[in-house]
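As a plain string of letters, each chain reads:
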Amino acid sequence: GENVEQHPSTLSVQEGDSAVIKCTYSDSASNYFPWYKQELGKGPQLIIDIRSNVGEKKDQRIAVTLNKTAKHFSLHITETQPEDSAVYFCAAPRDSWGKLQFGAGTQVVVTP
Amino acid sequence: SQTIHQWPATLVQPVGSPLSLECTVEGTSNPNLYWYRQAAGRGLQLLFYSIGIDQISSEVPQNLSASRPQDRQFILSSKKLLLSDSGFYLCAWTVNPNTEAFFGQGTRLTVV
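As you go down the protein sequences, you meet chains A and B in turn.
According to our numbering, the first sequence is numbered sequentially starting from 1.
According to our numbering, the second sequence is numbered sequentially starting from 1.
Every clue listed holds true.
These stretches of chain A come out as covered by chain B in the derived footprint (C-beta under 8 angstroms, 3 or more residues):
(1) 26-34
(2) 39-49
(3) 81-93
For the record, the hints were derived by calculation from the structure and aren't laboratory data.
The structure displayed is predicted, hence computed values, not measured ones.
We treat Cβ as the ideally placed atom computed from N, Cα and C, and that holds for glycine.
Next up, chain B with everything else stripped away, as it sits in the complex (with noise of 0.2 angstroms):
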């Protein structure tokens, strides 16, 4: 069966510090897979998506970037974050456009 991991649970992380956000896949080959930001429990924002290794596109300009070294391996990073950056961030995955999306456990970054 499929599963994904994203690691860590939380974080709380002095401004200016990089950041590094890891979100796995297991059980499938060459799925979609997506970077979400979430504040205040609601709202989810698409920040980073991927239709294979080296194919990212951007949603959202801003202080984060993303990476894809291995077909089933996402990472999100920054080099100084922000305040703003805070949030609970969320990887996903689909088989095919207009399927189920599945959702990791999520991280709860507080940049501090």
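So that you can see chain A by itself, here it is in the shape it has in the complex (with noise of 0.2 angstroms):
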């Protein structure tokens, strides 16, 4: 099955900056990567994902890039708000039927 690993496990970053999150997949089949976001004490929410037919995709101040050969996936939140500041996880599919592994999560802090 679908392992997936996510890296840094917390990430504290100061306003403006960057921040990027990496996750690795080991299913070379794998062909669709949400990434999602949540705030404290509410469900996640999907705020970019990828195929595997494209290696970048990007929306305002977010992108996503994948490396189908390394089998890696990564977040990239550029000029970084407090509101950016959650736990962020990324995801591949397990199966055909929609099932999602995901990683660990990644708890963003943006100080001002």
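Make one complex out of these two single chains by using the hints.
Encoded structure:
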């Protein structure tokens, strides 16, 4: 089955700086890689996803890159703001039924 | 638009008592439904998955069960709670595999 590893577990950045979170996966057949943001006491919410037919996708201050050869993908947040503080999860499909294997999460703290 | 409702938001139950958490989805038909558990604010663990009424697969054998009596209703149950059942329970749905998963707001369960 799919194994997803996520680093770092915590990330503290100054407001305005960039944040990068990296994930690796084990199943070379995986073709869908979402990123979720979870604020305290709430359910996770999708912020961006990428499919295996592209290497990069960007949405305003958020971007995701995918390296299928190395089997890793990364989340990039530029010009961080205090409201970016949250736990971020990467994920990859465990099977063709849409079940996701989540990374352990990264606690991002943006300090003013 | 589609929405997902999950209740209650918080629950404190004594060891050995029964449990029933309910999740309903509005605005879509035949969703794929999921129950996840999250411990200590990290690491989403998939508990149950359903592709249709009365079609449920269990991911982790434990003290819990799930049922789907209606197309857009998913229920998580236990006959006798254990201390180890404490956690943050999240319901989610997708339209198709490898598409966005929409999460409910979660239920914080504390077993005392």
